[in-house]
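Peer 1: Fit chain S to the given chain X structure using the hints.
Protein sequences appear in the order of chains X and S.
The opening residue of the first sequence carries number 1 in our numbering; numbering runs sequentially from there.
The opening residue of the second sequence carries number 1001 in our numbering; numbering runs sequentially from there.
Distance condition first, Cα-Cα at most 30 Å in a straight line; then the derived DSBU-like pairs of lysine-lysine:
# : chain 1 : residue 1 : chain 2 : residue 2
1 : X       : K259      : S       : K1204
2 : S       : K1254     : S       : K1240
3 : S       : K1025     : S       : K1120
4 : S       : K1259     : X       : K259
The following residues of chain S were derived to be distant from chain X, with all beta-carbon distances above 10 Å:
#  : residue
5  : D1003
6  : K1025
7  : E1028
8  : P1032
9  : Q1034
10 : K1035
11 : R1116
12 : C1126
13 : N1129
14 : A1149
15 : L1202
16 : K1204
17 : K1240
18 : A1255
Derived from the structure by calculation, the hints contain no laboratory data.
Cβ coordinates follow ideal geometry from the N, Cα and C atoms, glycine included.
2 protein chains.
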Amino acid sequence: MTDTTWLYEQFAPAGSAIGFRVRRKLDEVQSPFQKIEIYESTDWGNVMLIDGAMMLTTRDNFFYHEMMSHPALFTHADPKRVVIIGGGDCGTLREVLKHHGVERAVQCDIDEQVTRMSEKYFPELCDSNHDPRAELLFDDGIAYMANCAAGSVDVVIVDSTDPVGPAEGLFNRAFFASCHRALADDGILVQQSESPLVLLELIKAMRSEMGKAGFSMFQTLPFPQPCYPTGWWSCTLARKGGGFGFRAADARGKAFDTKYYSADIHAAAQVLPQFVAAALAGELEQGARDA
Amino acid sequence: MTDTTWLYEQFAPAGSAIGFRVRRKLDEVQSPFQKIEIYESTDWGNVMLIDGAMMLTTRDNFFYHEMMSHPALFTHADPKRVVIIGGGDCGTLREVLKHHGVERAVQCDIDEQVTRMSEKYFPELCDSNHDPRAELLFDDGIAYMANCAAGSVDVVIVDSTDPVGPAEGLFNRAFFASCHRALADDGILVQQSESPLVLLELIKAMRSEMGKAGFSMFQTLPFPQPCYPTGWWSCTLARKGGGFGFRAADARGKAFDTKYYSADIHAAAQVLPQFVAAALAGELEQGARDA
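Chain X on its own, in the form it takes in the complex (with noise of 0.2 Å):
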């Protein structure tokens, strides 16, 4: 144990910090966009951060892609084209074509070096690049968005680094509007939506961002994540109407195999804390409902 380190990430706007014990940087690329590090660990594998921010580790990515792709794409009745906006290091995109209905899914991240990045340390998170379903686009996600056909997507699932810097206008109401835009009816957007408990008033924020771009149902499922801020994060479903019921049966019946996601804990992820169900609450005045 003499030649490992620490290596922390500090959160300044919840002043807390994660760290992993790490035995040597690997890697470290200087994108046109940001800084990418590659660390190995002594406990989670591999560890990529990007600008300095934990983006993932071998050990516990699986909180987090199976929990951003798994409830949207079994909310819709029937997803067949997914646009996925960041999500270079493809283990969402990964998620996402274990559904046999998907016909086409297109991961646009405007930084092609983090996929090279993760091609290389975390190839398994790489296993369906060339799925022929597959499409990846090294380009702007927003330009993307307001490009898309109009109804031409069932699923648009946004895996963003934090809202500063590159990612910043993923999360406003003109984005929203592209994706509105772009969803067809039954359309469902999902986006990392941050730590429940110190980045709630975001959430909020977001969520009256969507409701301004003309999405009218919400949906915020909490989930831990050991590498982000408080180890506790979420995703925010947002849909023009239809519910947030899911097809559980098909969820149970799934012929893939998942470490976190079930159809049971899709189903207990939807109980929102106390505290968080109050802050939320505010926006029934404003039209907008959780399911």
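Peer 2: Just chain S, lined up with the frame of chain X:
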């Protein structure tokens, strides 16, 4: 922000760390048992450490204290006699005494200094210390349980530090056998059981020891806890029999406030993630089972 620094707990068994931004150390005492430190943080209120391990913060202790008390108390049909082993910060005692049916709650912590520090820096947790139903003992919890009259307790809550140092003896068969003997036939033991991600083997070992001590049914409930390693924690309930159905109507109609706990959260916490359920399923062969 110039006068702040970062305070970390490096959790060696998992190679992960949790940290908070702090302004200053408010107090420190070396008791006969352990070193207790109090810091003032920028975003989490006060922080207590014992022997360098984060014990609680003003902001996030509600997860732990509510989940250590209400699930057990709403599972028991009519809990009147409660014993808390450890729990010197008095936060669990406060939650227990919110239940009007409780007639007597004994808190037995070996270290009086923990309670003195809590009274000073977490006074809100000590609100119920002078409740006539409360009895605060500063003594050895192992001896206390061994000397309890057989069948005299409805709920034993083991609110201990990690299973090293003073708390080591609270995780073995001899101690669990004392609890089993002290509990009435429909009694419940609940113990904090560490992180379900990185300490799953400890949970299995604990349940195995509980089984050898005579308990036949177990229930592990995960919950978020940002100040503990990985930000994801658990408690484990053990019963002689009677199952883990709980008084959902009473929980729904409870006459007191909680921030995290609710009847729905209680039910949701009973859903184990796939990998946790799979790991604990091996115990089924030994006759132990989840409800």
